[in-house]
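Protein sequences appear in the order of chains A and B. The opening residue of the first sequence carries number 1 in my numbering; numbering runs sequentially from there. The opening residue of the second sequence carries number 1 in my numbering; numbering runs sequentially from there.
Just so you know, not all the hints are guaranteed correct.
[Unchecked claim] Derived DMTMM-like pairs (lysine to aspartate or glutamate); straight-line CA-CA distance at most 20 Å:
(1) A:Lys163 <-> B:Asp22
(2) A:Lys162 <-> A:Asp187
(3) A:Lys240 <-> A:Asp255
(4) A:Lys162 <-> B:Glu47
[As the list claims (entries may be wrong)] Partner residues are not named here, just some residues of chain B that face chain A (Cβ under 7 Å, in silico):
(5) Ile98
(6) Met105
(7) Ala109
(8) Met139
(9) His140
(10) Gly143
(11) Tyr153
These are computed hints drawn from the structure, not numbers from a lab. Cβ atoms here follow ideal geometry from the backbone N, Cα and C, with glycine treated the same way.
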Amino acid sequence: MTDDQLTQRFYRSIYLIRKIEEEIARIYPTDKIKSPIHLSIGQEAVAVGVCEALNTSDYVFPTYRGHATYIAKGGNVKAMIAELYGKSTGCARGKGGSMHLIDPHAGVMGASAVVGTNIPLAVGAALSAKLGTDNRVSVAFFGDGAVEEGVFHESMNFAGLKKLPILFVCENNDYAIHTPRKDRQSDVPIYRWAESYGIESSYVPDGDVSKIYSAAAAFVSRLRSGEGPFLLECSIYRWKEHVGPNDDFAEGYRDAKELDQWIPRDPLVTLARDLSNQSRSRIIMEVEALITDAFDFAQESPVPDATELLADLFQEAN
Amino acid sequence: MKRILTYSEAILEATRQEMERDPSVIVYGLGVNDPRGIYGTTRALHEQFGNARVFDTPISEDAMTGVGIGAALTGLRPIHVHIRMDFLLLAMNQIVNIAAKSHYMYGGAVSVPIVVRSIIGRSWGQGAQHSQGLHALFMHIPGLRVVAPTTPYDAKGCLIASIRDNNPVLFVEHRMVHNLKGHVPEEAYVVPLGQARILAQGDHITIIGISHMAVECMRAQHELAKVGVSAEVIDPVCLSPLDMQSIFRSVERTKRLLIVDSGWLSCGASAEILASVAESVEDLGQIKLKRMGYAPVPCPTTPSLERLFYPNAQTIAQAAYNLVKNEDWAPEDVTAQEVIEFRGPF
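Isolated chain B (complex conformation) (with noise of 0.2 Å):
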């Protein structure tokens, strides 16, 4: 029988794993020691490996990110965790400045291993300021790696490659995905960074989604095959490097391609990846594009309006049966678990 893990148990095996082997990784951010350990993806490691190592910090996201970096210059691996990504915005100056540089600005000399987790809020009235995905802010940085798996395999091992890479990764986690299940091996592995993963083989159109996207894609995929529409769906897993050879092959084949990100169109990764598409594939003129995200707004908080504001399986499976058969159609509402179960307040 396969070993089943959630998402949060796999990137709590990753960890204690990875300190386990090296002692030179450490854990520290907001939170990571309370009792509820960051969606348990953090739980009880501080009675494991000492407070030297796993520890919690003043709100000070500049500094902290600093001293991590420093860290890292100076022969730690640290993992840096924010509970949510909006609040790497106070962080930008150490990573943009600092860690993405630091290699090539020193002609070498140094390297920074840090890895930066943060998760994507969403759902009970998170809002403007708690559910942004600003992912495509740090792809547009050369000389950082961004990492946003949807699964608990790609969790635990792009989470293992992230803590062993020599450089900066942002490590992305959409906290719709955290209780997903899936099969997890317990020994520790590498799922190597730059690598797509093709969740759904199909014929008809090239589907890419995006971290919980995927899985909304998925539930759309699976609605599309009950009318005779074969979908491919492919998960980027990392965003920087992106895997584009992947994604031209399907596309090349099927020739429409729909880009479901979590997060926002303009500038953003669907527009990184149309545009590589564009550049790249022979015969653009037969290809069929579109790209859903975030409504062009800030996140409201009212479900009555934040249903609206993200793609869902119901939207996107609407948007792929049109592209493939130019006609109007949908499937009944398919409805997220993961978005209903969820109870708040965090």
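In isolation and in its complexed conformation, chain A is listed as follows (with noise of 0.2 Å):
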């Protein structure tokens, strides 16, 4: 892939994502959307960098802020909307909500509302793939909370253990809901504790989604020839309230200054210097077409019957 391609790859999966979170901010007070969200708005260049390194057959195990990992592996946006507006042609058939999207062809495994849950999981998908044939690797996104969590820990322990196919990714944002780390945690900087586990880690500090991309696809090249596991810590911020559509900064946690260093680190200021006029035309073009029909999609679709209810519970034999 020339370096166009993969702005323009970039570009678009990022544009996407704004997009469609301004659009369910702008819709969340209709009350259409009677779920808690998440927004991952600021936030995209980790899921984007990351996922644009993997293909459709590897795993991605979500943080209930996962919108933008959902969409960036290529999770379908139309059943994520619908699954967002309570709908029976949900990605979860609207019995999970925004924190629990899955989308298994896409390789998004469901993502869990219980902090560091998701962590072991990814870790047994790549003990799968580790048992199969067909070189697939996964990989576990976590917030710097997450590393709080003893599974965490107990997470690293086995996968350096067992050598297995897995990327671990820290979306350090600083805040756990309204803590900063420096309440929460030693001055260790997370991605030095994966040396304790035998895993070989690497940092990027500043959202830059080229950085990441480079550092994910070498290790995932890496991971694909046998080695591993890994771990890429990325410091990101996020512009929105832990949950819901707004701004903050108001509430005094934190202070709107740090939103101001990351501005002109937005990546859709960025890479758009790299773009021409015309490719940046069609992309907005078609990924707005795009959403346009997702949100008329949800909007148009039925909710679940109520037989729905008792349904699912167990998978009955095939």
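Starting from the two chains in their separate frames, assemble the complex, guided by the hints.
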């Protein structure tokens, strides 16, 4: 792939995520989406940089702030919006909502609302991949809060022990809801924790999607040749409130000056400089049509029938 | 001549046959490949199937449960073995929040075919943290199957059914039944999950025994027969789903119900069975009801107190006789050989 093609892919994916989430935020006050939403606005580069380095058959295990990961990995956008609307055409047939997006055909395994629970699942998928023959890799996405859970350390230890094909990706936005990392952890950087488990790591400090992609692609290539696991930590910034569609700088737990540092790094601004007007216009038109379709589809889809309440508790034998 | 195996041998045979049949079956857990092989239930499987499919783990129940679930989500059929049921408390988040929920919460998009085997300990001072029968915690959760077979025949058939099931199954074994012997056919067979087994037919009282207590109930049934009380003994085998129809049919005939659990009474399996009976049987006022189980304390280690912690054949027979005859009577002490013969430290 040429640099220009790659730039177009980054731009398209980030633009799609950003515009979908802006539309979600715009619609949210109408109460059409009766589900907690954790927006990725500002954090898209991590999901996009990593997922662009993966194949469709590779596994990703997103967090509850997972819209970006779902979209970047190629999850079905219509089914996503329908899921947020609680419709029967949703990716979880209306039973999961924003925090439980899933699309196994795109390798998007279900997102979990309990911090850190997806990490060992991703390790298990890597175990499956290692026993299989199709050379897949698995990616666990998690925030800087999840690394405080015991299960993160248990998972790193086991993955390191068994040398599993997994990439641990820490999306470090520095806040666990409203509490900054300095009030929660000692000042050893998270990526350096990996060394304790014999896991090589790297760190991208500035949210640069090209750097994230390069780091992820290098690790993924080594995973496919039998090395690993690896950990990639990316500092990034959440522009919106922890949960909900609004800004929250007025709450006083963080300073708007923090955001000022990140605005100039907005990949939609930086990537646009490297794109021709023609290709940018083409991407924008294509993405906006896709978004209109998705929201129309969600709006027009039926809600689940009452019989759905008791359906799918168990999977019956084939 | 009927082929006789111990319960442990039946578990091992079921596992081996399923691993031979289906390469996606894996076995893991603390000690599964050590020389003792979880009381023989996993012995030498790693030699036959290799270390990739049969492996020991770090002491990380939370992550290792998640690893099994992640593997199940992506095509494997893991069997995760815990030498004590008490350790499942360290895995509750993954079992309850992920395994039980995934098929429903994701609208049927994925399934979690995992078997979590765990063993309830008893005797030789197992004490408060190595003796708990926590099956009721899992019966509470929609999306989990809970199986607790008592006989070697059911152990093999239920384990095969559990491995082939596409959903998470909590497979509960009692240490005191591991050495019990019984008829086990050589070929692989399935005992459907959700069918109670009538261990003895009778007319005067229905006695339900869960896991090891089913063995004690059979001893009590034997003593009761000597004094003219005919007890029907039912082993639910599967606790979720519960085969309540078999219990209703029996209770409506005998009008007396005694439930004996390998666990505590409060919010337990016995409470669930009793509540279902109360909701469903006709002439509830004509039916006498009683429950027995662990004493409402943590299990003490000293044998003098531990003996009092559990129901036994004598106290079960005594309670049953009282329900039937409204008189006091107890058989001579009926010894449970498996408890007496058990030598620790494990």
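Taking the numbered hints from earlier one at a time, note which ones the structure violates and give those numbers from smallest to largest.
1, 2, 8, 9 and 11
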